[in-house]
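Enquirer: Line by line, the protein sequences are chains E, A, B and Y.
Each residue of the first sequence is one higher than the one before, starting from 14 at the first, in my numbering.
Each residue of the second sequence is one higher than the one before, starting from 1343 at the first, in my numbering.
Each residue of the third sequence is one higher than the one before, starting from 2 at the first, in my numbering.
Each residue of the fourth sequence is one higher than the one before, starting from 6 at the first, in my numbering.
Think of the hints as simulated: they come from the structure by calculation, not from any bench.
Some hints here could point you the wrong way.
As the list claims (entries may be wrong) - Cut-off 20 Å, straight-line C-alpha distance, at most; resulting in silico cross-link-like pairs (DMTMM-like, lysine to aspartate or glutamate): (1) E:Lys334 <-> E:Asp596; (2) E:Lys334 <-> E:Asp389; (3) E:Lys235 <-> E:Asp180; (4) Y:Lys154 <-> B:Asp73; (5) E:Lys334 <-> E:Asp587; (6) B:Lys190 <-> B:Asp200; (7) E:Lys334 <-> E:Asp182; (8) B:Lys489 <-> B:Asp69; (9) E:Lys235 <-> E:Asp182; (10) B:Lys489 <-> E:Asp302; (11) Y:Lys154 <-> A:Asp1405; (12) Y:Lys154 <-> B:Asp69.
Here the structure is a predicted model, which means the values were calculated and not measured.
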Amino acid sequence: MLDQLWLVPVLPLAGAVLNAFLGRRFGRDAVVAFGVGSVALSFMVAVGTVNDLLAMGQMMHGVETHLFPWLAWGDGAARVTVAEVGMLLDPLSATMILVVTGIGTLIHVYSAGYMEHDDGFARYFAYLNLFTFAMLVLVLANNLVLLFVGWELVGFCSWALIGFWFDRDSAANAGRKAFITNRIGDLGVLVALFLVWANWGTFAFHTAPGSMTPGFLDDPAKVLATPLLAMAIPLLLLVGVTGKSAQIPLFVWLPDAMEGPTPVSALIHAATMVTGGVYLVARVHPVYDQSPEALLALAAIGALTAFVAATIATAQNDIKKVLAYSTVSQLGFMVLGLGAGAYSAAIFHVMTHAFFKALLFLGAGAVIHGLANQQDLRRMGGLLRYMPVTGWTFIVGWLAIIGVPGFAGFFSKDLILAKAFGRGLVDPTYLVLYGVALVTVGLTAFYMSRLVFLAFFGEYRGSHDEGEVHPHEAPFSMLFPLSVLAVGSVVAGWVGVPAFLIGAGGEGTAIERFLAPATLATGVWEGTLNHSTELLLAGLSVAVTLVGVGAAGVIFLGEGASPLLGELVRPFRDLFAGRWFLDELYGAVVVRPVGRVSSYLASFDAGVVEGTVTLVGSSVTGLGGILARLQSGYVRGYAVTMLVGAVGVVAAAWALR
Amino acid sequence: MPGLPETVPTEAYLALSAVLFGIGAIGVVLRKSALTMFMSIELMLNAVNLTLVAFARQFGRLDGQVIVFFVMAVAAAEVAVGLAIIVDIFRSRRSVDIDDVSWLRG
Amino acid sequence: MNGVPLISLMLAIPALGVLGVIAGAGRDGAAARTIALLSSAVTFVISLLLWVGYEPAGARFQFEEQVDWLPDFGISYHVGIDGISLLLILLTTIFVPVALAASGSSVDTRLREFASLVLVLQFAILGALVALDLFVFYIFFELMLVPTFLLVGVWGGERRVAAAMRFFLFTMVGSVAMLVGMIALGTSKGTFDYVGLIDALGKPGGSIGAATAMWLFVAFTLAFAIKVPLVPLHSWLPEAYVQAPVSVTVLMSSVMAKVGTYGFLRFSIGLFPGAAQEAASAVALLATLGIVYGALVAAKQRDLKRLVAYSSISHLGFVMLGLVAGTTEAVQGGVIQMVNHGVSTGALFLMAGMLNERARTWAIAHFGGLARVMPVFAALLVLVTFSSAGLPFTNGFTGEFLILTGAFRAPATHVWAFAVVGAVGVILGAVYLLRMFQQVMQGPVNPAFVAGNGGANGPFSIGDLTGREMLILAPLAVLIIWIGVYPKPFLDRSAPAVRAVTASFAGASR
Amino acid sequence: MEFLIFSVFAVVSVAAALLMVLQRNAMYSALFLVLIFFCLAVFYILLGAYFLAVVQVAVYAGAIMVLMLFVIMLLNVAYPEPVDRALGLLRPIGWASALVLASLVAWIAAGSPGASVARTASGAGLALGTVGVAEAGHVQEVAVTLFSKYLLPFEMTSILLLAAILGASVLARKRPDHA
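In isolation and in its complexed conformation, chain E is listed as follows (with noise of 0.2 Å):
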């Protein structure tokens, strides 16, 4: 089966094609055969492929194939290859394309009954194919600048999804936000990938059998020449982080990603297209492990960004931008993980999260799906009695998120807190970053909670007259993904159920011993913690997670604040309530500026255009003048201008000889 991994993006891509040349033709049941078809049988194919891999027991570099040479020139010894187009499956990867396959399959299901009257069918589904293609190509790239197509294309997919409704401004404004917010963390990606180049001479993850060249990734001291070098390139990856992964300060992009469809904001905004660049830094971390600044770097801004869009999840009333930024919250989790040095903890947080926050946002897809487009939380209330089916199912996934024991984002969560904690034992700025996770945590529980109580409890707030919307369940086609999520949103975080935990063998988790081939960091100091210490964590966490469901309890369906409370919190709720004002920050600092240049570079090149044509114009006039006085007429004047000339030939000959 490993022979046949191409198929696993191919498949998707063929039916983007099908449906970006045929669609329209075939109508909307063909439209969902191969749209949701060819994902389906990627996703089949992925599981044998990964099955293959681990009967092999090959592990340390995983399976490479090597399809056709793309930035090359010459044959035999002339052979040049800056790039080729292969695939490595390796944990890593494998994992990846599963969660990618298998939750694409869910949604583009659910996509088929919520996109059901929309025009754009046909193009909504070949996108969205398309996507998971670019997808699969960033996980399964073998070398960097592959990896960098996928991670351009999911942003040029990204692109078409938001603005998918192109006829709304806002829609239309928010996908070129995004796409060239994350131009901007691109640009980061680029210089690194120079610097790559220039200093390995490859862009290769792994030595290719018979190359002379070593694969960076195999050859990650050659770094340390330059120690400037050393920090460069992680640092210049992390700015693509932060724009891919919505991190602080590219992070603005995300939250008005919302703009698109929700199904596309479950698959892309949340479940695999942001959780690019943590796969990224997993993917490249020997360069990481070279440098403790890098990392230390990678926390900081993982645990500032949970934190603060954890403030802004709790003033938000909109419920797919609540979702946002909690997604937000999410990813900074995991970089804090990568930040850790523990990047299996950081990929594992990356599959739960996939998992539940797809549940959360199908979720609300089904609600404003039911509600008739309302995406208000003080309109919505008393759903669960409504809407049962995706009331419980919702309710799984809030559990999950908060981190109740047992569910699947407890054990990712709180392994992403324990490896931050034990790097505090060596690095103490650590111990202040997790202090900061924890607080996240806290808040976590209360806006998820805050949620799902003004969502699906207490009384219906919106008016049964106007526009005679009546809650409604959503259709099977929409269910029977948020029922899979569900389940996956509970079991998916047992394979990181602690070793010592249930009686097995060896240490850590089973996911981690999974990815440790392709994760385990070289290098990096990890402080170990007794078991005693682990659980005393993770109590600390659910106790911090149950003061913010009881907050949350208490204000919103208990009799409400205390005005005291309210007045004290009010400055706080306007920061939040304004994003800390981010947008008008870069608006002011960064966009304007350009546009003024711009303008400034406009006028000024008319201005020389306009003024090359004066000058032009006027000289010839004023030249013209003068030669028009030489032309007499006479002949005899002219004959003695060639005559004069003559002579300056014959003398300049002369002079010259």
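Based on these hints, arrange chains A, B and Y on the given structure of chain E.
Expert: Coordinates of chains A, B and Y only, in the frame set by chain E:
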């Protein structure tokens, strides 16, 4: 004659040719009559012809002579057309004063 | 294949085509376009034969022909191709029929003269691309000027004469500089033959001295830099591109500008690698300036065609940066980017022209929501726009990535920093291109395009692409994807020639 | 002997040229020009270009000058031309340039320090031998060259002459409106 070279060196022909060319040039500038100007131009052409023939001898090749032949042919054509123009101008202006012909004033 | 003088044949066809158009088309010129198309189709087939017959592993120059012309001055009719000229020849032979077919309704007078001038232009461009003798190159290089001047000046917009004059004057200044340099070089070495000159300059003791080489390099580069154009010599471009009819703009930007970059690579760098090495930082600075400047100015344009014109300046900055960087990757990227620029910018101009034919306006603000009205057009414009913005797996990425990666490790001082700034240009490219796309294709449909009492979904007063337009754009779309996904056939062919250039470049730095 | 002949005719030709140029009367000028043509024919003979000498006399002295004299008489402009109108600076510039040109070329040719090229060339010419030169001017050799190597220019010249004939007759034709 003692002291004098047996053959005339090419340089002598060239010098003579230069002098003739110069005189012709002076004529073109000095004379107002279109006819005399024409003759001066012929003189200049002949001066050039002389150099060509002189070089033809020096290098022992015939190309120079052949070119002189062509120059003569072209000169003949030029004279024919030029004189026709002068006749035409004279018909309309009753003058061959070259300065009267200044329609090309810029 | 060996006995057939394919190159001369390829040059002869457009020349014969001109005669055919003049003789065959009636007074109204109805058949003119058909005859010209036929001629350009035959030329295309011949260029395909060149593509097939070219051996990447073979000699430096292939299909060579050499006939003495003015032997006393060392001038001969010497033509031949290497991989670089091969790619550009194909670009030319593809774009001439495309431009002819696209001239559509924008050119409706004096068709006979129009078609024959386009063929003359093709003749001149192809001649300049195959010439291996400086003198022959110069003649073709200058010959390009005449038909272009007339095409802009006769069939252009309101201010066409001024635009044509400015184009003419600028280009002449550069050409004169090149002519002087060429004569100085040719007379000092006794030959105008490219291969002969390289040999003569490379021989021990054949060097002309660093200072002289620098002067000659500057003289040659001036001519090419104006043709490209390199900022700050670009001020002829916006007006000329805007005033010219679309098909002529396409020929000027897609094909003619390439003769400038090609000449820079072949002659400025090829003949004076030492001077090029020394001047690399300066040229790279100008190229980078062009990238950023063009992009920033484009961002503020309200006129669709002018926006594309400035984007063209920006993109050609990448080409020049790649060529002058001197590493194999960068020069390879520069060469492939010449093709890319032709395809992508050409396609953008063509599509802008198609919009103009429908809406009779160039003002971006007058459009809006057209993706609803013309979905197929929108899909193609997405492809072309993102190719221009350098999205991976489209041609733009292939070129820009190779250029920047290569330039980053260029030996000349500071060129690495220019590569980084160039990468910023990639972002700016996305900014103005996406803004343009949004204002034209997205948002609510401009009511002006909704006919009568039609609802939101039409009927609209303007329609989607016609079959003819799809035929015009299809080959370009194919090239965009092909070069993006599997550029190896192109890179393979240019590699030996590029290696020769970079080897001399590297040799000069020692 | 040869040198003596050259010297005499050189002096004659220069004198005739000066007289021709400085002469006010077109008729006299024409006659001096005829004299110069004859002198040149002598030089051609000295240089071994016998065929050219004959052609010189026939074409120049014969045809061209006869044509000129015809025109002079036809137009009746043989009277002394009036004193020149002021040509401004042109006249002195013209004089100066012509003198400079003549002396410069003559100086270069006659072995100035810059005439090394000419000297070596003349040396080479003598080395090539006067052997060929003696016969070089004969009609046969000229004809062979003319009709082999220079056949195309020759034919083009004949076309040029034809065009000149047509042009002259068209121009000189009496037009109705002038009549």
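Enquirer: Checking against the hints above, which ones are violated?
Expert: Numbers 3, 8, 9, 10 - these are the hints that the structure violates, sorted from lowest upward.
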